[in-house]
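J.: Below, each chain spelled out in residue letters.
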Amino acid sequence: MLNKLKFAGAVAVLTGLALPAMAKDHVIGALFPLSGPNAVYGDVFMAGSDLAVEHINADGMLSGPMSIAYEDSQGLPQPAVVGMTKLVNVTGVPYTLSAFTGVSKAISTLGQRNHVVAVNGGGVGPDLAALGEYFWNVIPLVNLEVRAVVPYLTGEMGLKRMVLVYIDDPFGQAIQSELGSAFEGTDAELVEVLSVPVTAQQFSGVAAKVRSAKPDVVYIASYGAQQLQIVKQLRDNGVDAQIVSYSGYITPDALALPQSEGIVVTGQAVDYASDDPVTKRFVTDFKAKFDKDPTAYNVNYYNATLLYGLLAHALEQEGKDVTGENLLAKRLEMKTFDLVGGTVSFQDNGTLLSPIEVKQIKDGKTVTLSTVQIGG
Amino acid sequence: MLAIQLAITGLQTGALYALTAVGFSLIFGSTRIFHFAHGASFVIAAYFFYATFGAGWGVIPAILASAFGAVAFGLLLDRLVYVPIQRHEGSFFTVFVASFGVGIAVQNVIGMIFGRGYVTVNTSLSRSVEMFPDVYVSPLAWIAILCAAIFLGGLQFFLRRTHTGMALRALADNPELVRTFGLNPRAIQAAAFAIGSVIVVPAAIITSATTGLSPAIGHHVMLISLAATIVGGIGSISGTMLAGVLLGLAESLALLIVDSQWTEAVTFAILFAFIIIRPSGLLGRATAH
Numbered sequence: 001m002l003n004k005l006k007f008a009g010a011v012a013v014l015t016g017l018a019l020p021a022m023a024k025d026h027v028i029g030a031l032f033p034l035s036g037p038n039a040v041y042g043d044v045f046m047a048g049s050d051l052a053v054e055h056i057n058a059d060g061m062l063s064g065p066m067s068i069a070y071e072d073s074q075g076l077p078q079p080a081v082v083g084m085t086k087l088v089n090v091t092g093v094p095y096t097l098s099a100f101t102g103v104s105k106a107i108s109t110l111g112q113r114n115h116v117v118a119v120n121g122g123g124v125g126p127d128l129a130a131l132g133e134y135f136w137n138v139i140p141l142v143n144l145e146v147r148a149v150v151p152y153l154t155g156e157m158g159l160k161r162m163v164l165v166y167i168d169d170p171f172g173q174a175i176q177s178e179l180g181s182a183f184e185g186t187d188a189e190l191v192e193v194l195s196v197p198v199t200a201q202q203f204s205g206v207a208a209k210v211r212s213a214k215p216d217v218v219y220i221a222s223y224g225a226q227q228l229q230i231v232k233q234l235r236d237n238g239v240d241a242q243i244v245s246y247s248g249y250i251t252p253d254a255l256a257l258p259q260s261e262g263i264v265v266t267g268q269a270v271d272y273a274s275d276d277p278v279t280k281r282f283v284t285d286f287k288a289k290f291d292k293d294p295t296a297y298n299v300n301y302y303n304a305t306l307l308y309g310l311l312a313h314a315l316e317q318e319g320k321d322v323t324g325e326n327l328l329a330k331r332l333e334m335k336t337f338d339l340v341g342g343t344v345s346f347q348d349n350g351t352l353l354s355p356i357e358v359k360q361i362k363d364g365k366t367v368t369l370s371t372v373q374i375g376g
Numbered sequence: 001m002l003a004i005q006l007a008i009t010g011l012q013t014g015a016l017y018a019l020t021a022v023g024f025s026l027i028f029g030s031t032r033i034f035h036f037a038h039g040a041s042f043v044i045a046a047y048f049f050y051a052t053f054g055a056g057w058g059v060i061p062a063i064l065a066s067a068f069g070a071v072a073f074g075l076l077l078d079r080l081v082y083v084p085i086q087r088h089e090g091s092f093f094t095v096f097v098a099s100f101g102v103g104i105a106v107q108n109v110i111g112m113i114f115g116r117g118y119v120t121v122n123t124s125l126s127r128s129v130e131m132f133p134d135v136y137v138s139p140l141a142w143i144a145i146l147c148a149a150i151f152l153g154g155l156q157f158f159l160r161r162t163h164t165g166m167a168l169r170a171l172a173d174n175p176e177l178v179r180t181f182g183l184n185p186r187a188i189q190a191a192a193f194a195i196g197s198v199i200v201v202p203a204a205i206i207t208s209a210t211t212g213l214s215p216a217i218g219h220h221v222m223l224i225s226l227a228a229t230i231v232g233g234i235g236s237i238s239g240t241m242l243a244g245v246l247l248g249l250a251e252s253l254a255l256l257i258v259d260s261q262w263t264e265a266v267t268f269a270i271l272f273a274f275i276i277i278r279p280s281g282l283l284g285r286a287t288a289h
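Just so you know, the sequences run in chain order A and B.
If you count by UniProt numbering, then the first sequence holds residues 1 to 376, one letter each, in order.
If you count by UniProt numbering, then the second sequence holds residues 1 to 289, one letter each, in order.
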């Protein structure tokens with residue numbers, strides 16, 4: 001009996017001590033590729049999200065310390081659903097960061113059903129704009145990138161014969177669909193379309209098929225280590241045509257690859273030289289912490305994390321609980337947010353708009369060729 | 001011309017598959033250890049070469065460093081993981097799980113040391129030159145084929161003409177009989193790991209320059225090794241060599257018939273076909289249980 005009383009007392013004390021602390025802690029989730037061939041993206045995404053957490057905590061923006069519970073999605077839908085289930089049912093997060101088109105589509109139903117906000121800053125499949133009110137994108141989707149780059153390739157560069165090499169998953173299929181329609185009404189054509197399995201690593205045979213189509217330009221729509229393997233093996237196997245890719249190509253290992261020289265890529269435009277305090281602080285602290293310039297992915301996950309801080313802060317000021325429903329309601333109410341790159345607003349479908357830059361890789365860096373304004 | 005190009009490309013890929021798979025086949029065939037960490041041996045060999053060559057060691061010292069890394073890993077794994085498990089009558093499944101775990105651990109350690117991104121060894125040898133109109137071949141393709149011929153021929157000679165080689169074959173057939181003849185099965189097992197690990201080195205080095213590397217590449221290596229071992233016939237080194245080349249050729253030539261997304265599926269279609277039609281593999285011996 002005495003032991004039971006001691007146990008009950010201990011539980012009561014621990015519960016009493018723990019509950020107020022838990023109520024103040026802010027834990028959000030993140031489903032990033034932390035292992036496997038796409039793990040390099042996880043490092044890039046975390047650099048942005050971790051810096052935002054540091055800033056939010058340093059500013060005392062929230063009633064308690066904020067942290068991120070990272071789950072390894074490997075960039076694949078199945079592990080991502082396992083991770084999301086844990087975040088929703090065990091960790092109990094109201095808000096999670098997502099990346100990759102397949103992953104985002106897979107976890108969005110869990111978010112929608114459980115009223116947990118999922119914010120994507122890395123996946124660019126156009127379908128991501130239609131995953132429900134609890135799924136938001138802080139990155140312009142790839143249909144906008146395709147619409148920006150095709151006129152530049154066919155007009156400014158005079159390239160008329162394109163071959164598409166795309167990964168056989170929802171993201172690659174979205175690019176194929178978008179490119180198919182982007183060429184309609186132009187004198188350019190898609191002369192060959194080659195899809196590759198997600199796990200493929202040998203592309204010398206694909207290079208032979210590309211060469212035989214005699215293209216002016218080759219569009220690579222893949223990600224992670226595979227897209228670099230494709231580029232290297234195309235170049236090594238005699239494909240000298242202009243190569244073009246999307247924002248997912250702009251990673252540190254891609255920029256370091258000698259075969260990347262001259263590749264045209266697209267990506268969201270971010271004014272790193274902006275005078276607004278949020279951008280200045282981000283750029284300064286990022287360079288100080290990582291000793292390199294930030295990329296758009298760093299910005300996106302900084303913004304996605306900071307967005308939670310702004311919304312949760314506003315809810316706490318009003319004495320409301322920080323739940324998925326309230327975060328969504330507050331986002332719809334606030335409309336505009338001061339994030340890195342300036343003041344932004346979401347479209348009705350929960351996606352941020354941003355101008356698209358057409359860039360070229362030169363000496364391991366990207367040089368802007370053109371900036372295309374995108375209408376809402 | 002496309003068919004010729006794809007055939008040459010397939011030969012290069014097949015040579016690398018054969019070199020990769022034979023090491024696994026030798027170890028599995030002679031010791032019955034499902035050495036899933038063979039992919040990790042490949043990764044270690046490749047990254048040792050990448051690191052040392054990149055540090056300016058020169059080709060030969062870098063190759064030796066790569067071989068040292070792979071052999072040391074194989075021997076240590078045998079000594080520190082497999083032998084203790086076997087000593088406690090560990091089941092086939094226990095050994096497999098241990099090996100699988102080591103493979104994942106190596107992947108993460110390599111990622112921590114070298115980063116988790118894509119790296120490649122830059123050499124002009126990987127750049128193809130036009131031999132005939134529309135037929136491009138890189139010097140590394142010839143090196144891969146030559147290496148496969150030398151290493152695999154050398155392995156056959158070793159297994160048939162040397163005492164250690166014959167002991168390895170005997171170990172596969174009857175470990176008790178090996179002990180009866182006064183030989184030490186543990187020492188022969190260690191030799192299997194040393195040879196099986198070193199034979200993966202040329203494929204790892206050539207892959208580092210052609211396909212490039214990431215810490216996760218070991219899983220693909222294991223898939224190919226397993227497929228070639230089964231198609232070739234478990235325990236048959238010659239069969240595994242032949243199967244490696246066959247799978248490489250099939251994967252490449254399939255582009256003439258099917259869409260590019262199905263080329264990997266061709267490998268596994270062949271695997272399933274053999275499992276159903278000829279379970280003993282190309283050159284394996286049918287066994288009764």
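FYI, nobody ran anything at the bench for these hints, they're computed from the structure.
For glycine and all other residues, C-beta sits at the position ideal for the given N, C-alpha and C.
Just to be clear, a hint being listed does not mean it is correct.
Where chain A lies over chain B, by a calculated footprint (3+ residues, C-beta under 8 Å) [unchecked claim]:
(1) 104–111
(2) 207–218
(3) 245–255
J.: For each hint, tell me whether it holds in the structure or not.
T.: Structure-based check of all given hints:
Beta-carbon proximity to chain A at under 8 Å applies to 3 residues in the segment 104–111 of chain B; the threshold of 3 is reached and the given coverage holds. Counting residues of the segment 207–218 of chain B whose beta carbon lies closer than 8 Å to any beta carbon of chain A gives 7, which meets the minimum of three for the stated coverage. Here's how the segment 245–255 of chain B fares: 3 of its residues keep a CB closer than 8 Å to some CB of chain A, so the rule of at least three is met and the hint holds.
Hint violations for this structure: none, all hints satisfied.
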